[in-house]
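**Q** Residue numbers (the numbering used here): 1 to 253.
Treat the hints with care, as some may be off.
Heads up, simulated DSSO-like pairs for lysine-lysine below, C-alpha to C-alpha not over 27 Å straight-line [to be verified]:
#: 1; residue 1: 77; residue 2: 192
#: 2; residue 1: 86; residue 2: 135
#: 3; residue 1: 54; residue 2: 77
#: 4; residue 1: 192; residue 2: 54
To be clear, the hints were calculated from the coordinates, so they are not data collected in a lab. Just so it is clear, the structure is predicted and the values come from calculations on it, not from any experiment.
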Amino acid sequence: MASADKRDQPLRAGPRQAQAAVDRMLEVVPWYNGLPPAERQEIRAALRVVSLRKGEYLFRAGSRSPGWYGVVDGLVKWSSSGAQGKTLSLAGFSTGSWFGEATMIRGARFEYEVMALRPSRVVVLPRDLCERLWKQNIAFTQALMLHLAQRVDWLMASYCGNVLLDVDTMVARAVAAQLAAESHSDTGGRLKISQEEIASLCGVSRQRCNAALTRLARAGVLQTRYGGLTILDRDALHHYAQIGRGDGPENLP
1 MASADKRDQP LRAGPRQAQA AVDRMLEVVP WYNGLPPAER QEIRAALRVV SLRKGEYLFR
61 AGSRSPGWYG VVDGLVKWSS SGAQGKTLSL AGFSTGSWFG EATMIRGARF EYEVMALRPS
121 RVVVLPRDLC ERLWKQNIAF TQALMLHLAQ RVDWLMASYC GNVLLDVDTM VARAVAAQLA
181 AESHSDTGGR LKISQEEIAS LCGVSRQRCN AALTRLARAG VLQTRYGGLT ILDRDALHHY
241 AQIGRGDGPE NLP
């Protein structure tokens with residue numbers, strides 16, 4: 001599990017490329033760009049970067065929250081483990097996604113875990129600064145409350161999906177969420193995500209995921225390629241995913 005060691009450093013101590021990556025990430029974060037310049041500057045200076053290897057945990061259940069997390073680059077999975085060893089996959093987070101706000105606000109311990117599905121970098125906005133901002137700055141408070149409301153909507157949809165939806169729909173939802181996350185990158189519908197990563201996000205076997213992707217490809221929704229996917233019909237993808245355009249955890253502000 002990553003901790004407050006040499007991987008958790010002030011941005012000024014990191015290479016220029018790391019700082020530039022954080023700046024690019026912040027450019028696509030609606031709640032950050034909606035704040036006054038003084039607050040943006042204060043937040044930018046307070047961010048800490050954590051680097052994760054593939055398979056490394058950002059935190060495990062039972063850990064205390066140090067603040068609010070944002071994904072600079074990479075892909076991390078949010079999941080919960082049961083007493084019998086079963087794991088429920090809740091969502092995937094990539095560039096521009098922020099998470100952990102409910103646990104941070106409550107000052108509680110995490111009841112779930114987050115693991116990197118590929119080499120990733122995550123920033124942490126310290127809880128003391130978040131607390132001061134939500135008590136004193138109405139713009140930050142409104143942004144945080146909107147984020148929480150959208151998170152609840154996503155969790156309700158995710159619960160229904162895990163209970164009611166078939167594998168094809170679950171896979172389509174995971175692909176649609178990644179498409180929404182990468183929409184700011186102007187990739188032309190080309191997604192850098194492996195079939196193994198999609199299977200992990202959906203909580204299904206790689207074989208079942210591959211079969212679902214094959215059916216979606218035959219329907220003209222997407223095309224599989226080495227190292228990723230190409231979306232051929234976005235409307236059809238959202239139809240198979242049973243979601244509205246732009247929905248999903250990656251589109252949270």
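**Q** For every hint, state whether the structure bears it out.
**A** We went through each hint and held it up to the structure:
no. : hint      : in the structure
1   : 77 to 192 : 16 Å, holds
2   : 86 to 135 : 39 Å, violated
3   : 54 to 77  : 11 Å, holds
4   : 192 to 54 : 15 Å, holds
Checked against the numbered hints listed earlier, the structure breaks hint 2 alone; every other hint is satisfied.
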